[in-house]
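*Asks:* Sequence:
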Amino acid sequence: MATDSLKIVHARIGERIAEIESRMPRLAPQAISQKMDAIRAMAAEYGLSALEGLADYGKRHAMMPGYAQATRSCLEHMGEALVSSDPAHDRESILAALAVRLH
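For what it's worth, our numbering labels the leading residue of the sequence shown as 19, then goes sequentially.
The reader is advised that the hints may include incorrect statements.
[To be verified] Simulated restraints, written as ranges between beta carbons of each label pair:
#	residue 1	residue 2	range
1	Gln-52	Pro-83	17 to 23 Å
2	Arg-78	Glu-39	15 to 21 Å
3	Thr-21	Pro-43	35 to 41 Å
4	Ile-26	Glu-94	18 to 24 Å
5	Thr-21	Pro-47	35 to 41 Å
6	Leu-24	Ala-46	30 to 36 Å
Read the hints as simulated data drawn from the structure, not as lab findings. From a predicted model like this one, the values you see are computed outputs, not experimental measurements. For each residue, glycine too, the CB sits at the ideal point set by N, CA and C.
Could you build all of it, start to finish, from the sequences and the hints given here?
*Replies:* See the structure below:
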């Protein structure tokens with residue numbers, strides 16, 4: 019039962035990530051920030067700390083100059099974290115990989 023619920027959550031978050039990716043050129047920074055915050059809240063509710071951290075990062079950086087590159091990189095890492103089967107895949111390592119990619 020819990021596994022089924024988690025699969026549903028993963029599917030919903032995956033849909034939200036795909037929506038942002040497809041609509042990003044037309045979305046205002048504030049809309050991206052709001053959508054990332056919705057993902058963050060869902061991830062937090064279900065204990066998906068890596069996704070929560072990435073969505074929080076995306077939410078904050080959506081309002082900064084250069085947000086398009088940061089958002090794309092963040093979404094890519096969010097997709098990777100979503101399909102990861104390694105529960106030890108912690109948010110510090112994912113955020114570090116994102117930081118390296120952006121610099």
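*Asks:* Against each hint, give a clear statement of whether it holds in the structure.
*Replies:* Right, here's what the structure says about each hint:
1. Gln-52 / Pro-83: 17 to 23 Å: holds (19 Å)
2. Arg-78 / Glu-39: 15 to 21 Å: Taking Cβ atoms as reference, Arg-78 and Glu-39 lie about 19 Å apart, which means the hint holds.
3. Thr-21 / Pro-43: 35 to 41 Å: holds (36 Å)
4. Ile-26 / Glu-94: 18 to 24 Å: holds (23 Å)
5. Thr-21 / Pro-47: 35 to 41 Å: Hint holds: Cβ distance 36 Å, inside 35 to 41 Å.
6. Leu-24 / Ala-46: 30 to 36 Å: The hinted range 30 to 36 Å holds for Leu-24 and Ala-46, with Cβ atoms some 32 Å apart.
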